[in-house]
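Put chains B and C on the given structure of chain A with help from the hints.
Chains as they are written, first to last, in my numbering: chain A, 1 to 129; chain B, 1001 to 1182; chain C, 2001 to 2632.
No lab work stands behind these hints: they were computed from the structure. No residue lacks a Cβ here, since even glycine has one placed at the ideal position from N, Cα and C. Some clues are possibly wrong.
[Unchecked claim] Quick look at which bits of chain C chain B covers, simulated, 3 or more residues with Cβ under 8 Å:
#, segment
1, 2286-2294
2, 2307-2317
3, 2322-2335
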Amino acid sequence: MKKLFLLIILFVPLQLFAAEDIYRFTSVNDQQRFATLTTQLRCLVCQNQTLAESNAPLAADLRQQIYRHLQQGQSDKEIADYLVARYGNFILYRPLFNATTWALWLGPLLFLLTGVLYLLYYIRQKRRD
Amino acid sequence: MNRLKQVRSILPFIIFAMILFLLWRGLGLRPNQVPSPLINQSAPEFSLPDLLDAKKSVTHKEFAGHVTFVNVWATWCVSCAEEHRALLQLAQDAHIEFLGLNYKDDTIAAKKWLQQYGNPYKRVAVDSDGQAAIDWGVYGTPETFVIDKKGVIRYKQVGPIDNDAWEKTLKPLVEKLRNERA
Amino acid sequence: MVPELGSFAIILALCFSIIQGVSGFKPFRRLLRLSMTAAIIQFIFLTIAMLCLIASFVMQDITVIYVREHSHALLPVLYRIGAAWGGHEGSLLLWCLILAGWTVAFILFSDKKLSQSSRSNIMMILGFISCGFITFLFATSNPFQRDFPASLITGNDLTPILQDPGLIFHPPMLYLGYVGFAIGFAFAISALIEGKLNQEWAHACRPWIVLPWSFLSCGIVLGSWWAYRELGWGGWWFWDPVENASLLPWLSATALLHSLVVSEKRQSFKGWTVLLAIITFTLSLLGTFLVRSGVLVSVHAFANDPTRGLFLLCYLAVIIGGAFLLYGFRIKDFYQDPQFELLSRETFLLLNSVILLTAVFTIVIGTLYPIILDALSLGKISVGEPYFNLVFLPVILPLLLLMGFAPHVHWKKQAAGLLWKKMRFTLFFSLIIAVLVPFCLGFEFSGLTCLGIFLSVWIILATVQYAHTLKQIELKHWGMIVAHVGIAIVALGVTVNKSYSAERQIKMLPGESVSLAGYQFTFVNVDEMRGVNYEAVTASFDVQKNNSIPERLEAEQRIYTAHQETLGKPGILVNPFRDLYLALGNGFPDGGWSVRIYYKPMVRWIWAGGFLLLIGGFLSLLSQIKKRDENE
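Only chain A is shown next, with the shape it has when bound in the complex (with noise of 0.2 Å):
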């Protein structure tokens, strides 16, 4: 009995016991950014998760540092550029949007308005002939 209880409490890396798994928020508010703020990051480690659905130890300590720094009263912008100055754009789930990603970002509406407009356009000219 007592075995599995200490199998799974002990299967479970130290570090997450060193600090509290689950975190104290003074406001809704923080905590409602801790929340986005951890599922719009990637974990590195295993890099198909985001750093909130993690068990990787490098994910608890960067929940961790995301705790930390949101007690400190920084903002998100803050946050992600302390995570982007050490691990890269690559951590960012959501790519900015600059010179290498404008096409990322607006490619879906041009193709769908080249498509729209070049739809109509074509019928209406077909039909004048």
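Chains B and C only, in chain A's frame:
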């Protein structure tokens, strides 16, 4: 209008060919390796306890004047054990100066490990909670950073240093950096 | 013995696929019969191969490397069967088997009116597709490879996440879907070879698009439901590359479905239908490639191997490159000037195609962009859920709006004024409901929520209005009605779920209570239990609302014996309007447990709506069969 029709006809093929080419190029890439944004920036400042002498500290000032390899390792890391022999060899034959960063490890186990398997490191800094490593953008072990004489990070090796990595990349880099002025 | 039989069966299947392909080359009766016979024999051999593989799993033959990697002595029999297609090699065998199965279905059930030359073209193309895939299977991914270990080894066990009934149904259903589109592809190539596309062709082709589309809809729903139950975070869609790979052919096939209806009824959109059929199968193959090549990182991806990726890429280049090249040369024979006005049902259906292809483009560019930047040495970025949610939605919303109008728009020409007069009341009524319902129920008010509810209600009301205008609702109408309503329900479920979900993550000790969304969750106790191949800690909760009778909710943390892997199994309380979802996290030394509780309103409606698509597809198929019987 005929030309427009011709373009429309061959457009799908052209788009497909481009995607195919992209995927072919994609096969040669490694999607899960994260490049370091710290390349060509000064190494992060730190002051950590020395593994072998708890009264002393290891700081970033160690880097001044010579080329350093900062190697992130731990006793619980299997690949680090595999890399260890290569590190010893490089320290001895190529006179590489290693600074070890003992990452989230047990200091007693780490000391024992070095005693048992040899110590390639000039100095070893202890990062017990992993916070210093975050400043370096560490996401796995082993990782090795090449620091030049001015304390600037010039290269990051993700994963163990093998013969291939040494001959092709690290050796020429070290020679180049050693020829630079401090 | 059994694995050797399996390997041999694969080789024989390969031989017969070559015979099938080559015999289809010339449309002579004898050769066609040879081709069809070869296809049937190929199917039999592939079935034998699959049975051998399943047998190897059930018997725990660990000399077969694939069995060793994906099974274990303690693995329950049901999962041993599922494990047969749980890994790359086995799933590839399943792919080949299902392709052969679809070919046999085509031989047995296709429209008798289909011309012999079309038929032999289709057999030839399917033969070559089969041949390529079986070669790929045998050359790089033979599931029957053996080695004989010196000492007794037990298997590596099937990944715990895969030990779920979902494994039995989800992959086969998905494959029935996107492998089935090979037939539509063959139809399209056949049309290009013959240089024409007539009504017989369109009529014969439709069931072979509708049926895979229905299966794929079901497969995607099953995948979403499985992820929800398994992954422990209450999510049902993650924009993971492998999920995207299954959605892409679905979107394209939906466009194809609609285009095909026009081709059959109005003899129009011919070139477009052919192109969509090729694109749909291309997306199926692209998905197959992405999942197995190592080009993308994904939790679902099979073991990544660039050599396999290269083989698949060459295969893609030949089959699809050839298809698009043929299209480029032959399509001018299909171009017709539009026989319809700017405001007409034809235009609406073309807009449907444009929007769906934009959706395809969006997902493709989002999935491939990191590779593009990496290949150009422009750095490494990640494109994840935030991107897709932001960009995909504005693309799909106009489609939902058009869906309500489309059935009411006349073919060829529709007067704008008449359309407005017909639909304005329904439009306003939907808008009013969308604004009032959240208000009356006392929920939070949000623009996006209203928009979602408006569009869902609009589609349902407009579709019902359409049914009302019909003199007699026949079977063929039911298919469309049910499917459109299905989409509306999916939209409604998504809107409500995204707008009104709530969650809490908290550490609890037995005896403590926490509330969420009006429900009280009381942690009763923790217990241990033993499963067939795992040990588990079960946390029991009592859930009640306003002093109602408490319902028991149990969540588990399992440790699978084979390799000591932990997996959480969330507990879910289901009711038609909401799920209460509880995931057990880690234990603390003081006896407390980390607990995640979710309130998920109308999440089941998302899957119910998807399931309606399956029913709508079947109804449509039924009406096509009925029509065929009437014609004979």
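Results of checking the hints against the structure:
With 4 residues having a Cβ less than 8 Å from any Cβ of chain B, the segment 2286-2294 of chain C passes the three-residue criterion, so the hint holds. Check on the segment 2307-2317 of chain C: 5 of its residues sit with their Cβ under 8 Å from a Cβ of chain B, so the three-residue criterion for coverage holds. Residues of the segment 2322-2335 of chain C lying with their CB closer than 8 Å to a CB of chain B number 8, which satisfies the three-residue condition for coverage.
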